[in-house]
Each structure stands twice: as structure tokens, then as C-alpha cells.
Amino acid sequence: MKRFSLFASVVLILVAFNSSYAQGIEEMGVVLDLSETAVSSAQYSFVTAGPFEGNVEISLPFEAEGAVVYDRSSFENINFTISDSALSFYISVGSGSSKIVVADVYFSNIVSQSGGKQLVRIQQPIPENTQLFGFTIMLPQGYFVSELDKESLAVPEPDSMLSDGKRIILNWEKTSPSEDFEAFVTYEQASRGVSILTILIPALIILSAIAAVIIIVLQFKKREKKIVTVGLSSDEKKIYEFVREKGEVNQKDVQNALEFSKPRLSRLIRNLEESGLIEKKPLGRTNILKTKQI
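With the first letter of the sequence shown counted as 1, position 65 gets the number 65 in the working numbering; the numbers rise by one all the way through.
Worth flagging that the hints you see were computed from the coordinates, not collected in a lab.
Treat the hints with care, as some may be off.
[To be verified] Derived pair list, reagent style DSSO-like, types lysine-lysine, alpha-carbon separation capped at 27 angstroms:
1. Lys99 <-> Lys174
2. Lys252 <-> Lys238
3. Lys237 <-> Lys252
4. Lys262 <-> Lys237
5. Lys292 <-> Lys262
6. Lys290 <-> Lys262
7. Lys252 <-> Lys262
8. Lys281 <-> Lys262
9. Lys280 <-> Lys292
10. Lys238 <-> Lys280
11. Lys238 <-> Lys292
12. Lys252 <-> Lys280
13. Lys237 <-> Lys281
14. Lys281 <-> Lys252
15. Lys290 <-> Lys246
16. Lys281 <-> Lys246
17. Lys238 <-> Lys281
18. Lys280 <-> Lys262
19. Lys262 <-> Lys246
20. Lys237 <-> Lys290
21. Lys262 <-> Lys238
22. Lys237 <-> Lys292
23. Lys290 <-> Lys238
24. Lys252 <-> Lys290
25. Lys252 <-> Lys292
26. Lys166 <-> Lys117
27. Lys292 <-> Lys246
28. Lys280 <-> Lys237
29. Lys246 <-> Lys280
30. Lys292 <-> Lys281
31. Lys280 <-> Lys290
Please build the complete structure, drawing on both the sequences and the hints.
Right under this line is the structure:
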């Protein structure tokens, strides 16, 4: 049986660590790979921290047709038993160490039909004392998530929904889960000749248009800034840019920041007033300065 290398799709990070728990599974990730055929596969990844020795039993969301269980580090097969909707295997982990066990499990006919759409319902029991849990669903190539009877696309809403250009990938994460994971997803096939990339093209066009508008606006503002300051002396430019950046500023603060004498600053501000670039309002013994809208 083919072993699927889907660890990159599992967003929870399978890092082994010491723990006071000695109950078996501490971290668990599941990648359900849906197929257009009757057979779908799921890759289960488990982290067990030692000391631990004994049988681990994992409840499955569906009745399994077959499985392969192996040590992630050595790729050595691990003996297991499978019956109805449960997978059991024996592991031994020494104190201060950990082990990642992978199980490739195969299911049949787990997808139902409703109104011409595909529907998959999951109820995945989570082992007691599990600290991290992640569940990922990979839709078949050419399919996209759709609505069913005006309900949500997926319940509960995924923490992330991504695409590699060919397949839609949905992901859920849980930290210290207190209950089983339950979800349902409806999906349908894109029209013939229409790929996932084609579906995404309109969104990309819209985003590109928005980006172009932003760039044009920024360029216009930059050009406007250059036009406004043409003909000003270097000191007048310093004052204008300082006031423009602050929005509204006390004249005394301008003097302290730019280190102009009071008479020279007054003369420069008067020049900017006459140019229609700055306006001032008296405030006690000083003035409040701000740039005029051009």
C-alpha cells in the first residue's frame, strides 16, 4: 500500500516533549485524502512521550478496509489489529524519549450524495490527554467547497482553507481538546474544463486591480508632493514637510525641532502662508500651524 507523505499538510507541529502524562498519545494529526473513487485514505500521525509501554487503541470515524502502521523514524512496520472502527497497536517508549507512529488507513464509501453534491461527515474520537490535535481534509482534484441548503460551507468553519492550485485543503486545529472532533463538508466538481486556478482567476484579477489603484494613488500623492514644494527654499521645504507630517503643530515645537531663530521662522512661515501652503491660528502667545488642502 502506498504511504502518503502528507506531513506538510498537517499544521500542528509534531514535536516530541517530556510530559507528566503516561497515557499514550499526546499529539495527533489526521489528513483525510478524499478520492473520486469509492476508496479514500487517511494518514494518522501520533506522538507518544515516554515512559510508556502498552497497547494504544484509536477509534476511527469510519469502518476501515485496511491499514499500515509504522515507526516514522525507522519506517519499520508495527504490528496492529483492526476491527470495525478501531485500530490497536503496541508501542514501547523509554523515559526521556518519544516516538512518532504513522498509520495509513483506508476507508470505502464514506462520501454520500445530496442534491448532486458530495457530503462527508466526520466524527473523530480524540484520545484522552491529547494536548495537540489537527484534522485536515484534502478535496479531490477539480472539486471545490460548496453550500448545501444554504448552510455553511463547512461546519465547524475551518481554521484555514488553502489551495495548491489543484486541490482545496481544509484544516482544523485544537489545543487540549475536551471533546471529539465533529465536522461535515459539502463539495462539488467544477464544470468540465474549469480548474481550481480558473475559479481563482476572478479573485486574482480583482486583487490585482485593487493593487493597481493603490499604486496609482501613491504615485499621484508622491507627484503632488513634488509639485507643491517646487520653488520653495530648502528651509521652507523643511517647515512645510514637518507641518505636513504632523498634521497640526505648535509653532514653538517647529522652532525647537528645526532649530530656527524665532524671527527667521516667522518670516519663513509668512512666505508659506502667502504661497497658500500653510495656515496658522493664534493660540495664546504662539500659533497652531497646519497645511492647507491643495
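To see whether the hints hold, each was checked on the structure:
Distance hint between Lys99 and Lys174 is fulfilled; the C-alpha atoms sit about 21 angstroms from each other, no more than 27 angstroms. Under the criterion of a C-alpha separation no larger than 27 angstroms, the hint pairing Lys252 with Lys238 is consistent with the structure, at around 15 angstroms. At roughly 18 angstroms between alpha-carbon atoms, Lys237 and Lys252 fall within 27 angstroms of each other, so this suggested pair holds. Using a Cα cut-off of 27 angstroms, the hinted pair Lys262 and Lys237 holds, with the two alpha carbons roughly 17 angstroms apart.
Distance check on the hinted pair: Lys292 and Lys262 sit about 22 angstroms apart at the alpha-carbon level, within 27 angstroms; holds. Restraint check: the Cα-Cα separation between Lys290 and Lys262 comes to about 18 angstroms, which is no more than 27 angstroms; the hinted pair holds. At most 27 angstroms may separate the alpha-carbon atoms for a hinted pair to count; Lys252 and Lys262 meet this at roughly 9 angstroms. Restraint check for Lys281 and Lys262: the C-alpha separation of about 17 angstroms stays at or below 27 angstroms, so the hint holds.
A C-alpha spacing of about 10 angstroms is found between Lys280 and Lys292, which places the hinted pair at or below 27 angstroms, so the restraint holds. With a CA separation close to 17 angstroms, the supplied pair Lys238 and Lys280 stays within the 27 angstroms bound. With a CA separation close to 16 angstroms, the supplied pair Lys238 and Lys292 stays within the 27 angstroms bound. A hinted pair counts as satisfied when its Cα atoms are at most 27 angstroms apart, and Lys252 with Lys280 qualifies at roughly 12 angstroms.
For the hint pairing Lys237 with Lys281, the CA-to-CA distance comes to about 20 angstroms; that is within 27 angstroms, so the pair holds. Among the hinted pairs, Lys281 with Lys252 is consistent with the structure: their alpha-carbon atoms are about 13 angstroms apart, no more than 27 angstroms. For the proposed pair Lys290 and Lys246, the alpha carbon gap of about 8 angstroms is at most 27 angstroms, so the pair holds. A distance of roughly 16 angstroms separates the Cα atoms of Lys281 and Lys246; the hinted pair therefore holds under the 27 angstroms criterion.
A C-alpha spacing of about 20 angstroms is found between Lys238 and Lys281, which places the hinted pair at or below 27 angstroms, so the restraint holds. Distance check on the hinted pair: Lys280 and Lys262 sit about 15 angstroms apart at the alpha-carbon level, within 27 angstroms; holds. Among the hinted pairs, Lys262 with Lys246 is consistent with the structure: their alpha-carbon atoms are about 20 angstroms apart, no more than 27 angstroms. Between Lys237 and Lys290 the alpha-carbon distance is near 14 angstroms, which keeps this suggested pair within the 27 angstroms criterion.
Note on Lys262 and Lys238: the hinted pairing holds, with a Cα-Cα distance of about 15 angstroms set against a maximum of 27 angstroms. Simply put, Lys237 and Lys292 have alpha-carbon atoms about 14 angstroms apart, close enough for the 27 angstroms limit, and the pair holds. At roughly 14 angstroms between alpha-carbon atoms, Lys290 and Lys238 fall within 27 angstroms of each other, so this suggested pair holds. For the proposed pair Lys252 and Lys290, the alpha carbon gap of about 13 angstroms is at most 27 angstroms, so the pair holds.
A C-alpha spacing of about 19 angstroms is found between Lys252 and Lys292, which places the hinted pair at or below 27 angstroms, so the restraint holds. Between Lys166 and Lys117 the alpha-carbon distance is near 19 angstroms, which keeps this suggested pair within the 27 angstroms criterion. Distance hint between Lys292 and Lys246 is fulfilled; the C-alpha atoms sit about 13 angstroms from each other, no more than 27 angstroms. Restraint check for Lys280 and Lys237: satisfied, since their Cα atoms lie roughly 17 angstroms apart, inside the 27 angstroms limit.
The hinted pair formed by Lys246 and Lys280 meets the criterion: a straight-line CA distance of about 14 angstroms does not exceed 27 angstroms. Restraint check for Lys292 and Lys281: satisfied, since their Cα atoms lie roughly 12 angstroms apart, inside the 27 angstroms limit. Straight-line distance between C-alpha atoms of Lys280 and Lys290 comes to about 7 angstroms, which keeps the hinted pair within the 27 angstroms bound.
When held up to the earlier numbered hints, the structure conflicts with none and fits them all.
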